[in-house]
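Participant: Every letter in the sequence shown is one number past the one before it in the numbering used here, and letter 27, counting from 1, is 27.
Quick caveat, the hints were computed from the structure, so don't treat them as lab data.
These numbers were taken from a predicted model, which means no experiment stands behind them.
Watch out, some of these pointers could steer you wrong.
Between beta-carbon pairs, the in silico distance windows are [as the list claims (entries may be wrong)]:
#: 1; residue 1: L59; residue 2: F183; range: 25 to 31 Å
#: 2; residue 1: P70; residue 2: M125; range: 21 to 27 Å
#: 3; residue 1: I63; residue 2: P179; range: 37 to 43 Å
#: 4; residue 1: A164; residue 2: I100; range: 22 to 28 Å
A virtual CB, placed ideally from N, CA and C, is assigned to each residue, including glycine.
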Amino acid sequence: MMKAWLALWNGIFRNNPTFPLLLGLCPTLAVTTSVENALGMGLATSFVLICSNALVSALRNLIPHAVRIPCHIVIAAAFVSSVDLLMQAYLPALSAALGIFIPLIVVNCVILGRAEVFASRNGVMASIADGLGTGIGFTLSLALVAAVREFIGTGSLTIWGDLAFRNLHADTMTLAIMPAGGFIALGLLLALINFLGSVWARRKGMSQTLPVNQGCPHCILCSKGK
Numbered sequence: 001m002m003k004a005w006l007a008l009w010n011g012i013f014r015n016n017p018t019f020p021l022l023l024g025l026c027p028t029l030a031v032t033t034s035v036e037n038a039l040g041m042g043l044a045t046s047f048v049l050i051c052s053n054a055l056v057s058a059l060r061n062l063i064p065h066a067v068r069i070p071c072h073i074v075i076a077a078a079f080v081s082s083v084d085l086l087m088q089a090y091l092p093a094l095s096a097a098l099g100i101f102i103p104l105i106v107v108n109c110v111i112l113g114r115a116e117v118f119a120s121r122n123g124v125m126a127s128i129a130d131g132l133g134t135g136i137g138f139t140l141s142l143a144l145v146a147a148v149r150e151f152i153g154t155g156s157l158t159i160w161g162d163l164a165f166r167n168l169h170a171d172t173m174t175l176a177i178m179p180a181g182g183f184i185a186l187g188l189l190l191a192l193i194n195f196l197g198s199v200w201a202r203r204k205g206m207s208q209t210l211p212v213n214q215g216c217p218h219c220i221l222c223s224k225g226k
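Please construct the entire structure, taking both the sequences and the accompanying hints into account.
Facilitator: Take a look at the structure:
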């Protein structure tokens, strides 16, 4: 149980795919023009993460090591196809807005990374907790980037359907919801989060240990059993 809670906590914070690991940047930059799109993508990715982690963990002793990556892709593709069909049936507007990025969840490095690094080495409950935590962290990251871009770019925040806050300010900047605005917003938010993390670490008397400062062998994503 403790390992499951630790996996959940690490998925949201320490192993957050967007901040600071910078994984899954394709949907992060493409669909974060509104909070609604970000939440839709985050929830779809979370569903695939949880289900694929659970199945990969359950079958980890049956999948031959030499073909584990193709098997992980097939498992993820099955759940992506399911969520894609469900969205087309029940959320057609959101499905149209997200477009090709729903099928592309299959090759999202977040999905394959957690399946390879965690689910294939841990039990089912811990793997479900890891998928849930990583999904929540990814969804929150997308929502944060989308909120900044939509607020600055349109002066609104579209939460879901008719639930929206419109005309919050008049000084809009269209650049924020353009492709270049995604890179700028992501970079500024990453800098802010890293700065706050360094301040917190100094107050606790610890040195900040970001993966980008330690090199590839020390990256959190590649740490065995974490």
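Participant: Hints first: check each against the structure and report whether it holds.
Facilitator: Here is what the structure says about each hint:
1. L59 <-> F183: 25 to 31 Å: Violated - the Cβ-Cβ distance for L59 and F183, about 38 Å, lies outside 25 to 31 Å.
2. P70 <-> M125: 21 to 27 Å: For P70 and M125 the Cβ distance comes to about 26 Å; the hint holds.
3. I63 <-> P179: 37 to 43 Å: 38 Å, holds
4. A164 <-> I100: 22 to 28 Å: Holds, since A164 and I100 (Cβ atoms, about 25 Å apart) stay within the stated range.
Against the hints set out earlier in the document, a violation occurs for number 1 only.
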